[in-house]
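Those protein sequences? They're chains H, A and W, same order as listed.
Under full-length UniProt numbering, think of the first position of the first sequence as 1, with each following residue one higher.
Under full-length UniProt numbering, think of the first position of the second sequence as 1, with each following residue one higher.
Under full-length UniProt numbering, think of the first position of the third sequence as 1, with each following residue one higher.
Keep in mind the hints are simulated off the structure, nothing from the lab.
Positions of the beta carbon are idealized from the N, C-alpha and C atoms, including for glycine.
Hints are supplied without guarantee of correctness; some may be wrong.
Here are some chain H residues the structure puts well away from chain A; computed CB gaps all over 12 Å [said to hold, decoys possible]:
1) N7
2) T20
3) R128
4) C216
5) F275
6) A303
7) M304
8) E307
9) E333
Just a few of them, taken from the derived set where beta-carbon distance is under 8 Å, the chain W residues facing chain A [said to hold, decoys possible]:
10) R48
11) G69
12) Y70
13) H71
14) G72
15) A80
16) H83
17) V84
18) G86
19) Q117
20) P120
21) I123
Each chain, written out:
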Amino acid sequence: MEHVVRNAWYVLGWTAEIGTGPFARRVLDEPVVAFRRRDGRLAALLDRCAHRLVPLSLGSVVDDTLQCGYHGLRYDDTGACVHVPGQANIPPAARVRSFPVTERYGAAWIWMGDPEQADPGLIPAIERYGAPGWTVIWGAPQHHRSHYLNIVENLQDPAHTTYVHPGTIGNPASSDIAPVIEESEGHIVTYRWTLDAEPPPIDRKNANFSGLADRCQYYHFFPPCTSRVDVVTMQAGQEHTEANMDRGLRAFSYKFLTPETDTATHFFWLHVRNFGVGDQELDERLMRDMGRTFEEDNVIVSAMQREQDATGVRQLAWLRIDAGPSRARRMIEKMAAADAAAAPATSTAS
Amino acid sequence: MEHVVRNAWYVLGWTAEIGTGPFARRVLDEPVVAFRRRDGRLAALLDRCAHRLVPLSLGSVVDDTLQCGYHGLRYDDTGACVHVPGQANIPPAARVRSFPVTERYGAAWIWMGDPEQADPGLIPAIERYGAPGWTVIWGAPQHHRSHYLNIVENLQDPAHTTYVHPGTIGNPASSDIAPVIEESEGHIVTYRWTLDAEPPPIDRKNANFSGLADRCQYYHFFPPCTSRVDVVTMQAGQEHTEANMDRGLRAFSYKFLTPETDTATHFFWLHVRNFGVGDQELDERLMRDMGRTFEEDNVIVSAMQREQDATGVRQLAWLRIDAGPSRARRMIEKMAAADAAAAPATSTAS
Amino acid sequence: MEHVVRNAWYVLGWTAEIGTGPFARRVLDEPVVAFRRRDGRLAALLDRCAHRLVPLSLGSVVDDTLQCGYHGLRYDDTGACVHVPGQANIPPAARVRSFPVTERYGAAWIWMGDPEQADPGLIPAIERYGAPGWTVIWGAPQHHRSHYLNIVENLQDPAHTTYVHPGTIGNPASSDIAPVIEESEGHIVTYRWTLDAEPPPIDRKNANFSGLADRCQYYHFFPPCTSRVDVVTMQAGQEHTEANMDRGLRAFSYKFLTPETDTATHFFWLHVRNFGVGDQELDERLMRDMGRTFEEDNVIVSAMQREQDATGVRQLAWLRIDAGPSRARRMIEKMAAADAAAAPATSTAS
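Input sequences plus hints: build the corresponding full structure.
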């Protein structure tokens, strides 16, 4: 895969997706299968039996092992084969790769690179997760048919919302305000404040603003795979202190990108907010509206990918609004180059 | 693309297909988008934004410009970008190709080659279009999964109708009469008269012949893309003068081929006739029956294309009935070679 | 195609599949069309007209010939063109390959190799076919998306049934009993007896066993394409004579593999049994249950093929249970190599 960072945590799936049986998903162009042991811990293996290459996800979970659905070979959480029906000895080749996997924030996180470096402390922190007065929703996983860097650029790009999402988060009033960009080690943020403006339709639904609003959007990016958009819509005319922002409508909208192939990406989103806590109808509306919003992005980035594939070109003209997206992209390309230099790709067969 | 003539007018679509929004169709393996300005005139651009390559057809028409659905860049009818949100200057690279396009005969015609040569006078004339006593129907556009030259050959080939269209225009009586072929500069015609024969089923439906009929079919071809079949079914025993032919059932059946890729072709057909004028039921029947007839051809040419692709061979044995089709093919191949020599293909990315 | 034996009889289809019109199926990566003459005999030709390559299966059967659906060329059972509309002479190139084809056991058998060697005596004999007290069912043809050698291995592999078919023919009790393998010229058999065991669910349905049963499975293989599984479930404690076996539940389950491409195989199965003769409900149940069982194999071998294609690897670790499948495979690979050396592949275009 191109421009991919193997030494990083990626969302393999939501906890709620993973039941009692094997759970399969392709990550960084490798087939992965996860299964849960009796003590509740997850294990993740290469989804390909070391015997005849049948996906282990067609098998079943037996006594804390994953049993192949073809001949019953059983693999433990380290990928070692621990049982071969019909023979006592285990051939040395009967082993599959295992991947560090851990659960946090309602998600299973997988590390596709060097297991030695798989520090759970590197899992991105989620703001206000579990704090009183805040609530969380996990969006239905989406499948975007585009290289993840196109999606990274989209996520660092406030300028597109006016055109791609006119019915929800887009706001015509914001289209001429240039964003501010700040970069530091492993972090980039693009933000802009819109002052004394009509709140966008979606905020109008969620709160009763008496008049105009100040609104900010902070597009944080933590390379290679985590986007956090902080959105505040607050009564216009107040000072922009943390306390005043918390009295407005405030949300932290996370997206976690998990590259599937060079032209497809698993798109996970999760939303933490301080309004309508316990309001199930609002939960459902946000699930639907935000899901639809991100599918609008999917239409754009998928069409873009098709044209990039057809032409072999990524971009032709450069605009001012490209500054943030380009910085994020360069930051990741640099990380990916260092990652590739440090850990050469392993064979996909083993 | 192979054997394609860029300096020619092609039907991009029927006028009735093009509404108020952008209209997209692939022509000569390039993505094209058309839009209508407030004065009613059409514009046609490459369907690929000069910024991030997103298809412009995902955007919208705003003030006589086409606005990209991603970041709101606006292009005028010349392909020049005239507005970039968030900045005053327009980068020189922000420009897409535009194509000459004009409307006539209820169709939008596009010129994919050198714009300097796009003389509207070269649009094929349609016989009796708008003349009193004649009426026109426009068939639903079809998509034939074959290189257009296979379809050209089919259209210059009276011999196939007996076998491909037994239920409509085919006539067993005609199958042993060799056609006459005449060729001149930019025109080829294959024709045959069938004398004192039973009229085919479709004519029996459209008129009350008391007995036998004389029937002629002229298969005109105007390379590279226009076929006109003149069909007369007249009472047997009369002299074949123009006046007598007009007293029979007479129709001019046009097909306009628009190559989409090397293995697919947009197939437009249009039918001018002097019988049943104002008869809406007949219009509907012809729409249905002729559409079905050409889909019968589609089945054949698409299957032929698959076998040609599988074998790398176009034809194995040569028959007498191939004379007309082969001449049309050679005529076009010669045109295509001259066209390619005069105007080297432009990059597909710009 | 890889590892394919051309000089062999393959099932083209069941007799019941072939009606009055042309019947098309791809065999050994060649398009084949069969048609029935008025005397009832079948003919089989390459499904590609020698004129413009249109599949002859789009045409029709006329007077013991196959008439092309494009221009009416007619081919007899030898593949010679015997009629070209519009001309008296037949061009020498107007000829398609014909294949020996014969019907037996309710199946049409085709020979894709050297016609001189097509001895009908080489068609596999079907045990007890038509004998009193025995009945036959023909399964609905299946399409397995895997190279046929993967399926051969599966068919010579008793070990998989426990895991792939737990609901039908699988039997947990049998999983630790090593099979016996015997090989002779053009034949390999793997078998095992399970003694004093609970009969599997499917046998419980078909007979009233008072207690435990002895059960044997013989996995015969007649390379390159025929598998016969003999299954007996008999009251435990009796001597295993032919007569005693016939008093139990006994069946001969045939599978005939017809390679379609390098990654797909037509899978035909046929079942001869000595119980429930005339019981239509049982016929229907077996049709459904056995069909479902073989589709369970299809899921496995198709997934395996996808992983083999993705990795370029067939197998990684080797187990004791691979002995039988590997022998069958090597036997076929040897046959295929000899076959390829004797008869170089003909052009696919003619």
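Hint check:
1. N7: holds, 29 Å
2. T20: Consistent with the label, T20(H) stays out of reach of chain A, its closest Cβ about 42 Å off (over 12 Å).
3. R128: Holds: least Cβ distance 32 Å, greater than 12 Å.
4. C216: holds, 17 Å
5. F275: Answer for F275(H): holds, closest chain A Cβ roughly 30 Å.
6. A303: violated, 5 Å
7. M304: Per Cβ check, M304(H) is inside 12 Å of chain A; nearest 5 Å; violated.
8. E307: At roughly 4 Å from the nearest Cβ of chain A, E307(H) sits no farther out than 12 Å, so the non-interface label is violated.
9. E333: holds, 17 Å
10. R48: Cβ of R48(W) sits 5 Å from chain A, so the hint holds.
11. G69: Nearest chain A Cβ about 6 Å off; hint holds.
12. Y70: holds, 5 Å
13. H71: holds, 5 Å
14. G72: holds, 5 Å
15. A80: violated, 12 Å
16. H83: At about 11 Å, which exceeds the 8 Å cut-off, the nearest Cβ of chain A leaves the hint on H83(W) violated.
17. V84: Status holds, d = 6 Å.
18. G86: Holds. Min distance 5 Å.
19. Q117: For Q117(W), the interface hint is violated, since the closest Cβ of chain A sits about 26 Å away, which is over 8 Å.
20. P120: violated, 31 Å
21. I123: At 30 Å from the nearest chain A Cβ, I123(W) fails the 8 Å test, so the hint is violated.
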